[in-house]
Each structure stands twice: as structure tokens, then as C-alpha cells.
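*Asks:* As they're listed, the protein sequences go chains X and V. All residue numbers for the first sequence refer to the numbering used here, where the first residue is 206 and numbers rise by one. All residue numbers for the second sequence refer to the numbering used here, where the first residue is 377 and numbers rise by one.
Derived by calculation from the structure, the hints in this document are not laboratory data. Glycine included, each C-beta is placed from N, C-alpha and C at the ideal position. Be aware that a few hints might be false.
What the hints assert, rightly or not - In silico EDC-like links for lysine to aspartate or glutamate, alpha-carbon gap of 16 Å or less:
id : chain 1 : residue 1 : chain 2 : residue 2
1  : X       : K215      : X       : E259
2  : X       : K241      : V       : E479
3  : X       : K268      : X       : D236
4  : V       : K475      : X       : E242
5  : X       : K256      : X       : E267
6  : X       : K283      : X       : D233
7  : V       : K384      : X       : D218
8  : V       : K384      : X       : E294
9  : V       : K480      : X       : E242
10 : V       : K426      : V       : D444
11 : X       : K260      : X       : D218
12 : X       : K283      : X       : E261
13 : X       : K274      : X       : D236
14 : X       : K215      : X       : E287
15 : V       : K475      : V       : D584
16 : X       : K291      : X       : D218
17 : V       : K533      : X       : D233
18 : V       : K390      : X       : E297
19 : V       : K582      : V       : D538
20 : X       : K215      : X       : E261
21 : X       : K256      : X       : D218
22 : V       : K473      : V       : D584
23 : V       : K390      : X       : E294
24 : X       : K283      : X       : E259
25 : V       : K476      : V       : D584
26 : X       : K256      : X       : D236
27 : V       : K487      : X       : D236
28 : V       : K384      : X       : E297
29 : X       : K215      : X       : E294
Stated by the list, open to error - Calculated Cβ distances over 12 Å to all of chain V for the following chain X residues:
id : residue
30 : T247
31 : A257
32 : S265
33 : I266
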Amino acid sequence: MKNIIQHISKAFDHRVRLGIMSILMVNDFADFNMLKELLGATDGNIASHTKALEKEAYISIEKSFINRKPNTRYIATKSGREAFTKHIEALEKLINPNE
Amino acid sequence: MDNKNYLKDISDIKTMMSRSSRFMSLSGLSGVLAGVYALIGAILAYFELKRYDSAIYTDTEIVSDNLDTTVFLNLVSIALFVLISAIVTGAILTMRKAKKQNEKIWNPVSKRLLVNFGLPLVTGGLFCIVLIQHGILGLVAPATLIFYGLSLVNASKFTIGDIKYLGIAYVIIGLIATQFVGYGLYFWALGFGVFHIIYGTILYNKYDR
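Next up, chain X with everything else stripped away, as it sits in the complex (with noise of 0.2 Å):
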């Protein structure tokens, strides 16, 4: 049971951030408004799940212009995927011990 709990990531802990992490694992990219659209977030809640899942370096961040509007881009790190399914897997054994 421990070996399970200790895969379970306070930095998924939260709506938001499972929810951006479960996107970009399935997106190459996604960008901070398709990840607002997408979780129903304000402005500030976004940035700071983004911040803290980057601290963690679950997830990098790309800044570039287009149409001379700044975009950013997030992208899940390696460590990030591996993390989260790590996450996932502990999840579904808490559900369903026997399997």
C-alpha cells in the first residue's frame, strides 16, 4: 500500500492541474487558451497551475509571436509523462487492488 500512495503526485493534486497534464499528454502542444477553453479556468488559475506543474518540471513552456500576439506554448516533459503515468497507474490500483 505505501509503494502505491508514494505514486500518487501531490503536483496532480488539484482539477486544473490533472487537467492540463492529461491534455498535453494526448496534444503534442497546447496553448494557454485552448487550455482555459478547455477547463473552464480563469486567466490566473491557469498560469499558476502552469507555473507549478513547470516548477516541477513536469511540463516546459515556449513563448514565441503570432500575428505579433504573444502565444504560449505548453508542452509535457519526459519526466512529466512519466510521472503522470505513474499518477494514473497508482489511481487505478487504489481503485481496484486486486488487479
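Based on the hints, put chain V in the right spot on chain X.
*Replies:* The following block gives chain V in isolation, referenced to the frame of chain X:
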């Protein structure tokens, strides 16, 4: 520690993964209606050919110079009429369903869907024009079925995954049609008509209700 929260986490993850990568508002009903239009079109085309007693689609030669311009233009108008009706119906029903599901109709996912669907489809369309240009009329019907099938398979990664099997069915029937050159119209009716109706009904029962 309660299981409920973990369950909700897992279901949230699944929802987000599918919402962010698949456009799920495609309407099954629009598939059924597209099939109905196609059948009506096929019947009209059949009588058109009967009326002029044209040899275009009963000609069993792959290369045919029996291209009667009036008949040909009438057939093209029928095809365009079917195509436009199907697209307009599909667009309206999909917009309605997107609204109901709170999904934006024009988002990164639907754009990706259109590009991936459109690329093989446009290629196929141009290829068919080339076939007509060279008078290889016998292969036009099989080619439309094959390219439409490939478009569906390609698009299935970005929408309801089930349409992959519909796509494979089109490719198979298209390949079979290459061996029965005089019967293009019947294969069209079977593919674009019957397949759409059957599959649209399945999707409607599975996702629209």
C-alpha cells in the same frame, strides 16, 4: 482516502484526454440523412441513364469514350446536389449537437479533424478528375469509395473512433468495385447510401441519445 475521489480523478482524466483530442459532436443522424440523399441521388441517376439509354455506367470497359456531355453534366449536377445537401445537413446537425454538448464547433480539434479528413478526400477528388480526363470512367466510382474510406480512417483518430471501421468497409467495397466495372452506380448506392444509413443509425443510438 475515499475511492470516490480517485474514481472521479480517473474519469476527469479520461474526459479531458478525449475532449482535447477528439471532436465528439459529429451527429449520427446526419450520417443517416446523407445516406438517404445518396440513395435518392442514385435513383435519379439511374433514371437519367435509362432515359438517355446511355452506356456510361453499363459499359464494362474501363476506358470508355461513350461520354455524352448532357448526361454527364446532369449526373454531375445530381452528385453535387447530393453532396451539398449532405454537407449542409451535417453542418447544421453537428452545430446543434456541439451546442448541446458545450463543445465549440471551431476549435483546434475540429480543425485537425477537417485537415485530416480533407487531405485524402481532396486528393481522391483530384485523382477522379484525372481519371475522367483520361476517359477512365470505369474506375471513378471505385476510386471515390476507396478515397472516401481512407479519409474516414484518417479522420477517426480525431473523432468518434468507430468511423474507422466504416472507412475500412468503404475501402473493401471500393476494391471489390474495381472488378465489376459496369456496376459503379450500384456500388455507390450501397456504399454512400446503405453504409451511411446503417452506420449513422449505430452512431445515433450509441452517441446521440
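*Asks:* Give a verdict on every hint.
*Replies:* Evaluation of the provided hints:
no. : hint               : result
1   : X:K215 with X:E259 : holds (14 Å)
2   : X:K241 with V:E479 : holds (13 Å)
3   : X:K268 with X:D236 : holds (10 Å)
4   : V:K475 with X:E242 : holds (14 Å)
5   : X:K256 with X:E267 : holds (13 Å)
6   : X:K283 with X:D233 : holds (12 Å)
7   : V:K384 with X:D218 : holds (12 Å)
8   : V:K384 with X:E294 : holds (14 Å)
9   : V:K480 with X:E242 : holds (9 Å)
10  : V:K426 with V:D444 : holds (13 Å)
11  : X:K260 with X:D218 : holds (15 Å)
12  : X:K283 with X:E261 : holds (12 Å)
13  : X:K274 with X:D236 : holds (13 Å)
14  : X:K215 with X:E287 : holds (15 Å)
15  : V:K475 with V:D584 : holds (13 Å)
16  : X:K291 with X:D218 : holds (14 Å)
17  : V:K533 with X:D233 : holds (14 Å)
18  : V:K390 with X:E297 : holds (12 Å)
19  : V:K582 with V:D538 : holds (10 Å)
20  : X:K215 with X:E261 : holds (11 Å)
21  : X:K256 with X:D218 : holds (15 Å)
22  : V:K473 with V:D584 : holds (8 Å)
23  : V:K390 with X:E294 : holds (13 Å)
24  : X:K283 with X:E259 : holds (12 Å)
25  : V:K476 with V:D584 : holds (10 Å)
26  : X:K256 with X:D236 : holds (14 Å)
27  : V:K487 with X:D236 : holds (15 Å)
28  : V:K384 with X:E297 : holds (11 Å)
29  : X:K215 with X:E294 : holds (15 Å)
30  : T247               : holds (17 Å)
31  : A257               : holds (17 Å)
32  : S265               : holds (18 Å)
33  : I266               : holds (18 Å)
Violated hints: none; the structure is consistent with every hint.
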